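Let's have the full structure, built from the sequences with the hints guiding it.
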Amino acid sequence: MATPMAWMDLLQNAQKTCLVQDGRRKLHFTLQDGRELAEEYDLNTNELVVRKWRKKSTLGGTAKWEYEVGELLAPRSLDTDGLMESTSNPIFVRKDTVPAFQWRIRNLPYPLETYSITCDEDQNIIIRTSNKKYYKKFRIPDLERCNIPLDQKCLSFAHANNTLIVSYKKPVQILDMEKALLVEFKKLKASKDGDVDCTPS
Amino acid sequence: MAVPTADKVQEIREVTRMERIGAHSHIRGLGLDDALEARNVSQGMVGQIEARRAAGVILEMIKEGKIAGRALLIAGHPGTGKTAIAMEMGKTEALTQAFRKSIGVRIKEETEIIEGEVVEIQIDRPATGTGAKVGKLTLKTTEMETIYDLGQKMIESLTKEKTKFVQCPEGELQKRKEVVHTVTLHEIDVINSRTQGFLALFSGDTGEIKSEVREQINSKVAEWREEGKAEIVPGVLFIDEVHMLDMECFSFLNRALESDMAPILIMATNRGITKIRGTSEIGPHGIPIDLLDRLLIISTTPYEEKEIKLILKIRCEEEDVEMTDDAMTVLCRIGMETSLRYSIQLITTAHLVARKRKATEVDVDDIKRVYSLFLDESRSTQFLKEYQQEDHGNQLKI
Numbered sequence: 001m002a003t004p005m006a007w008m009d010l011l012q013n014a015q016k017t018c019l020v021q022d023g024r025r026k027l028h029f030t031l032q033d034g035r036e037l038a039e040e041y042d043l044n045t046n047e048l049v050v051r052k053w054r055k056k057s058t059l060g061g062t063a064k065w066e067y068e069v070g071e072l073l074a075p076r077s078l079d080t081d082g083l084m085e086s087t088s089n090p091i092f093v094r095k096d097t098v099p100a101f102q103w104r105i106r107n108l109p110y111p112l113e114t115y116s117i118t119c120d121e122d123q124n125i126i127i128r129t130s131n132k133k134y135y136k137k138f139r140i141p142d143l144e145r146c147n148i149p150l151d152q153k154c155l156s157f158a159h160a161n162n163t164l165i166v167s168y169k170k171p172v173q174i175l176d177m178e179k180a181l182l183v184e185f186k187k188l189k190a191s192k193d194g195d196v197d198c199t200p201s
Numbered sequence: 001m002a003v004p005t006a007d008k009v010q011e012i013r014e015v016t017r018m019e020r021i022g023a024h025s026h027i028r029g030l031g032l033d034d035a036l037e038a039r040n041v042s043q044g045m046v047g048q049i050e051a052r053r054a055a056g057v058i059l060e061m062i063k064e065g066k067i068a069g070r071a072l073l074i075a076g077h078p079g080t081g082k083t084a085i086a087m088e089m090g091k092t093e094a095l096t097q098a099f100r101k102s103i104g105v106r107i108k109e110e111t112e113i114i115e116g117e118v119v120e121i122q123i124d125r126p127a128t129g130t131g132a133k134v135g136k137l138t139l140k141t142t143e144m145e146t147i148y149d150l151g152q153k154m155i156e157s158l159t160k161e162k163t164k165f166v167q168c169p170e171g172e173l174q175k176r177k178e179v180v181h182t183v184t185l186h187e188i189d190v191i192n193s194r195t196q197g198f199l200a201l202f203s204g205d206t207g208e209i210k211s212e213v214r215e216q217i218n219s220k221v222a223e224w225r226e227e228g229k230a231e232i233v234p235g236v237l238f239i240d241e242v243h244m245l246d247m248e249c250f251s252f253l254n255r256a257l258e259s260d261m262a263p264i265l266i267m268a269t270n271r272g273i274t275k276i277r278g279t280s281e282i283g284p285h286g287i288p289i290d291l292l293d294r295l296l297i298i299s300t301t302p303y304e305e306k307e308i309k310l311i312l313k314i315r316c317e318e319e320d321v322e323m324t325d326d327a328m329t330v331l332c333r334i335g336m337e338t339s340l341r342y343s344i345q346l347i348t349t350a351h352l353v354a355r356k357r358k359a360t361e362v363d364v365d366d367i368k369r370v371y372s373l374f375l376d377e378s379r380s381t382q383f384l385k386e387y388q389q390e391d392h393g394n395q396l397k398i
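Taken in sequence, the protein lines are chains A and B. Heads up, the first sequence is in full-length UniProt numbering, so the first residue is 1 and it goes up one at a time. Heads up, the second sequence is in full-length UniProt numbering, so the first residue is 1 and it goes up one at a time.
Read the hints as simulated data drawn from the structure, not as lab findings.
Calculated cross-link-like contacts (lysine-lysine; reagent style DSSO-like; alpha-carbon spacing at most 30 Å): (1) B:Lys220 <-> A:Lys55; (2) A:Lys56 <-> A:Lys95; (3) A:Lys64 <-> B:Lys140.
Far from chain A, by Cβ distances over 12 Å, these chain B residues were calculated: (4) Ile103; (5) Arg125; (6) Leu292; (7) Arg315; (8) Glu322; (9) Asp326.
A quick note: this is a predicted structure, and the numbers were derived from the prediction, not measured. Glycine residues also receive a C-beta, built at the ideal position from the N, C-alpha and C atoms.
Right, dumping it as C-alpha cells:
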C-alpha cells in the first residue's frame, strides 16, 4: 500500500544531486530501479516548476525525458521528429502552486461554458469540449503515489487570455509531505551554478 | 541549333533506359510447382532442374523459419546461374554486422502513437520550386482535433503510403500503446553501444561494436525469448563469390554458425579446387574442409545448347529485342563457345548496331559486327598474351 511515507522513502534511498542555479533548486534522483527523476523548485516561492522522468527503453538506450510538471522549452526540429504538433494547437502544461495542482491549457480560445471537467472511476480527470475541438484525459501522479482517490469537489476551473486553468486543491496529506520534503531538500548540500570548486593556490 | 540538342537528349535517354535492365531481371522465381518439382522452363528459369529442386527444399526450410545456423553453398562454372549479389568487405566486423542484420527480434514495446482520422492534408511547395516543402496534417477523433506540422521525410512517406481505412478512433489522439515491432540484432547493438552518441552522429557509421555489448544483448534476447516477451526471426545472409573471403573470415564463419543466433547462410562460388585466401593451402571451392563439412552443396551444371537458346530468347524478350532465327543460331554458338554472359551482352550491343542501320530485327551481320567489336574473355586473354610477348621482346632489345 503506497502512502506518503513510501514516496519519501523512495526519494530517500535514491542517489541525489543538488544544484542551485538560475534562482532554482535543481535536484536529480537516480532511483534504485534505474529510473531518473529531475525536479526544479523556485527558490523564492518554493513552487515546483519542473518534474521530469527518464527511464531505459525496452531495447536499451536512454529515452527522452517525460515531463510530469513543466514543459520542454528547447525547440524541437521537424527534421528529426518528422511529425510534431503545430504550435497553434492547445498546449497542455502542469504548473503547480503551493496550495493546489494546476494545469494550464494555452491556445484554447473557446468560452468557459464549452468545457466540462469531470473525474471518472479510473482516477482520470477528463476535459471535454462541447464543440469537439479539445479532449484531454490525465491523472495526478502525486495522488496515485500516495493512494489518495480523486474528489470532484476539489476541482475548479477558469478561462482567461485564451487559456483554460484547471486547479485541484491539494489534500492535507500531500501538503504535509511536500513541507517535509522541502525541509529535507534544504538540508542537501548544493553546489553553486554547476562550477567545480577550484581555488588556485 | 535546337534540333541537334534535342536529338542528343533523346539518344542519351534511350541508352540509360537499356542500362536499367539488370542481368537477372528476367528471373521471377524458382519455377517450381507445389510439390517442389521443377518445371523445365518457368518464371524465367531454364534448366538446372536438380539445383532448382534443391533450392526449393532450402526455401521451404527458410519459410518454416525454425532452423537457423544452416549454411548452403551454390557451386558451378561461371555463368551457370548463380545469382549475383556483391559483397565487397570481407573482414569479421562487417561479417558480424551482416550476420546480426539478418536476424530479427520481434518484441512488444510501449510507445507513444498518434491515431486519428485525417481531416485535411495540406502540402505547400515554395514558389521558387526549390527549398523545403511545408506540410500540415489535421487529425481528429470523436472528441478532438489537432493540427500537426509535417517534416520533409514525413511528407515523402505520406505521398508514397497506401491508405488503409479504419474507424474513427475515440478519445485522445496521442496515447501510449503496446505495439509489436521487429528490429534486427544489429539495431539493438547500435542503440546500446552509443553511449557517447555524438561520435556516431558525425560520422554516421557505428564503427566496431564491443563484443561485451553483443554478449549482453544475446543473453538479454535469450531471456526475453524464455519469458515469451520476444520472438526470434532468423533471416538469410547471401555471400556471393565466397572464395574471395580469407582464412580469418572462414574461421569466423565456422564459429558464428555454431551460435544459436545464426541466420541461414547461403554462399555462391564458381571456383573448383583452388588456394584458400590467406593461406598456402588448397581447398575445394577455396573453402577450408572444416567449413565445407557444415555446408549443403547445390551444384549447377553447364548449360546445353538447347537451354542456352531458351535463355537468350527470354533475354531478348526482356530487353525488347527482335532477332532473326539465323542470328539466334549464331549467337547460340557464340554462347556455347565463349560464355553465356558474353552472348547476353551481345544482345544489347547487336540491337544498337541494328538500329543504327534502321532495321527492326537483329540479323547475322549485326552479331558478326559486335563479335568483332567486342572481345570475349578467351580472345582477350590471347590478345594480352601476344601483346605481352611483344612487350617482353622490346624490353630485351633495350
